[in-house]
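For chain B, the structure is supplied; the task is to place chain S on it using the hints.
Given next are the chains, with one letter for each unit.
2 protein chains.
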Amino acid sequence: MAEPTPRTRGSDKTREVIVETALRLFRERGYEATTMRAIAAEAGVSVGNAYYYFSSKEILVQAYYDRAQAEHEAACGKLLDTERRFAVRLGGVLREWVRVSEPYHGFAVKFFKHAAEPSNPLSPFSAESSPARDAAIELYRRVVEGSTDHIDAELKAELPELLWLMSMGVVLFWVHDTSEGCQRTYRLIELTVPLVDRLVGLSHLPGLRGVARDFIAGIHELRE
Amino acid sequence: MAEPTPRTRGSDKTREVIVETALRLFRERGYEATTMRAIAAEAGVSVGNAYYYFSSKEILVQAYYDRAQAEHEAACGKLLDTERRFAVRLGGVLREWVRVSEPYHGFAVKFFKHAAEPSNPLSPFSAESSPARDAAIELYRRVVEGSTDHIDAELKAELPELLWLMSMGVVLFWVHDTSEGCQRTYRLIELTVPLVDRLVGLSHLPGLRGVARDFIAGIHELRE
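In order, the protein sequence lines correspond to chains B and S. Using the UniProt record's numbering, read the first sequence as starting at 1 and increasing by one per residue. Using the UniProt record's numbering, read the second sequence as starting at 1 and increasing by one per residue.
Isolated chain B, as found in the complex (with noise of 0.2 Å):
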């Protein structure tokens, strides 16, 4: 990237008012017809100051990525502090990200077609989205070391990964759940939770642990 930090850059609150701006004019006029001059005017800041902030719409997209994970975290922060159970944490994780993401959802739905392309630097795959994925990444890591179950060593390391993969089903699921209130995607995790919780207490049988191993190993490379 020709930036080396651009997600630092500029006061705080400027950016956050460019932000809030570009998912705006995204959700109305949608992200291809959207450009940076019209960013800019609808914010109240010259094309030139906006593109100090942002060096393309992309980074703006990423800058969303970065703050919605950054609210997520702060919302799970109470649970995760007090509650022990696996099957509790993971859950009210997921439920968190709902409910913190429902202001986005309009977003999300015209923008989904790009993220949903794997060579896009918008897709949660690309390297451009790495920090915001290795921070979720982190995220779920928290609810396995936190949680007091017994859960296989050896699935430990990689269990903060798969359960970020399973919650970008659970993502997809919900950019296309138009029930009130996304009511169908809180129904998906309380199905989708217990299944997991069950999975992992099982992870110990020596005839899963192999093919568990196999199945991780081979995600990585097809990333790659």
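It should be emphasised that the hints constitute simulated quantities derived from the structure, not laboratory data.
If several chains are the same, the list does not tell them apart, and a pair holds so long as it fits within one copy or across any two.
Below, in silico cross-link-like pairs of lysine to aspartate or glutamate (EDC-like), each with a Cα-Cα straight-line distance of 20 Å or less:
1. K156 with D197
2. K156 with D134
3. K57 with E32
4. K113 with E28
5. K57 with E20
Small disclaimer: the values here were computed from a predicted structure and weren't measured.
Just chain S, lined up with the frame of chain B:
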């Protein structure tokens, strides 16, 4: 639906030509921009004739689903008649799907955003898609029923539908797979099948049975 049996109307040859032409135009011009008028003109039939065969563009896409399903079934016949191991049967059926679908990859990429919307009649989960979906689930039932592996009786009844759901995950990956000859999708299949095979092998464990049953019941309910 207005049409009782729109899937079987008219001569097979003309139907084929219209479907082929429609798929090509959808790929070249996009689904929305392609009119029945344009399809008829390119296929060399009158507009009235095109509408006699297919009462709408949606029905044309359903015809593609039906045809792709029939091709897939035919391609799997020999494997399912001769091979008895569950993992080999499942892997073979998934690989054949990728192979048979190769000519439609360009169309699928363009078309994906319609099919991904659950409220769209062209979603694989819609009522309108139920003939192709039921046929696909039936194929996975053959995978299960013809296998000599020990599979928990209760899971056995639900497994065809779960395998079909899993195949939808493979389809989702495939749509976005830009690798040479979709080799990444083949790799995904190679990785996933042993894990599914092992989980099915563990399905008699009491702890897993109850939770799997709840999960399956919940997924049914989420579809409604």
